[in-house]
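Asks: Sequence:
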Amino acid sequence: MAVLSAGLLLYREAPGGVEVLLGHMGGPYWARKDDAAWSIPKGEHEPDEEPFAAAEREFTEELGHRPPPGDSRELGTVSQRGGRKQITVFAREGDFDPALLHPGTFDLEWPPRSGTVQAFPEIDRVAWFELDAARRKLVAAQVEFVDRLDALLGAGSSA
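Per UniProt numbering, residue 1 is the first one in the sequence shown, and the count goes up by one each step.
Everything labelled a hint here was simulated from the structure, so no lab data went into it.
Careful, some of the hints might be misleading.
Here are the computed distance ranges between Cβ atoms for each label pair [what the hints assert, rightly or not]:
1) Gly17 <-> Arg113: 43 to 49 Å
2) Ala151 <-> Ser114: 44 to 50 Å
3) Ala99 <-> Ala140: 24 to 30 Å
4) Arg32 <-> Ala140: 15 to 21 Å
5) Ala151 <-> Asp107: 35 to 41 Å
6) Ala37 <-> His102: 17 to 23 Å
7) Val78 <-> Ser114: 34 to 40 Å
8) His65 <-> Gly115: 32 to 38 Å
9) Ala2 <-> Phe106: 18 to 24 Å
10) Pro15 <-> Ser114: 44 to 50 Å
11) Arg125 <-> Pro15: 18 to 24 Å
Every residue gets a Cβ at the ideal spot worked out from N, C-alpha and C, and that includes glycine.
Please build the complete structure, drawing on both the sequences and the hints.
Replies: Below is the structure:
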């Protein structure tokens, strides 16, 4: 059975066009990576939990603040990691100040086989990106959501 995950892709109109809010994945593996190291705020949920409820919960857990109020539009589902993970994403227009980030954490033995367990932020920073930049920053499987948002809004950004 596939692992289920849901996320909320916040977007806003900016002088240069539509921007989306992405989170840089935390922990030592991602520390020195930038391109293809960002993610839509998301997380796993059980089959009996509604994906939309999970998306809002995970946004709050990962960023430390509730998402701004507003209408959300489903961008559908994509498969990640060879089909083992199914991600459903919702888009919502709204704003978020990256300085307000107060991320949730996860525990990891680091360095490996050291016996030392450390806490790392799930997301170590968030930033707004225009759609073309977001396509470079996101992990490959999530780029499809930016393309779907672009099509939905008719933003006219090049792919």
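Asks: Give a verdict on every hint.
Replies: Right, here's what the structure says about each hint:
1. Checked against the given bound of 43 to 49 Å, the beta carbons of Gly17 and Arg113, roughly 47 Å apart, stay inside it.
2. Between Ala151 and Ser114 the beta carbons are some 47 Å apart, a value that agrees with the proposed interval 44 to 50 Å.
3. Distance hint check for Ala99 and Ala140: the Cβ-Cβ separation is about 29 Å, which falls inside the suggested range of 24 to 30 Å.
4. Under the hint 15 to 21 Å, the C-beta atoms of Arg32 and Ala140, about 18 Å apart, fit the expected range.
5. Judged by the Cβ atoms, the range 35 to 41 Å given for Ala151 and Asp107 holds: they are separated by roughly 39 Å.
6. Hint check: Ala37 to His102, Cβ distance near 21 Å, so the stated range 17 to 23 Å holds.
7. Look at Val78 against Ser114: about 36 Å separates their beta carbons, and that is inside 34 to 40 Å.
8. Distance hint check: the CB atoms of His65 and Gly115 are about 35 Å apart, consistent with the given range 32 to 38 Å.
9. Hint check: Ala2 to Phe106, Cβ distance near 21 Å, so the stated range 18 to 24 Å holds.
10. As the Cβ distance of Pro15 to Ser114 is approximately 48 Å, the hint placing it in 44 to 50 Å holds.
11. For the hinted restraint 18 to 24 Å between Arg125 and Pro15, the CB-CB distance of approximately 22 Å keeps it satisfied.
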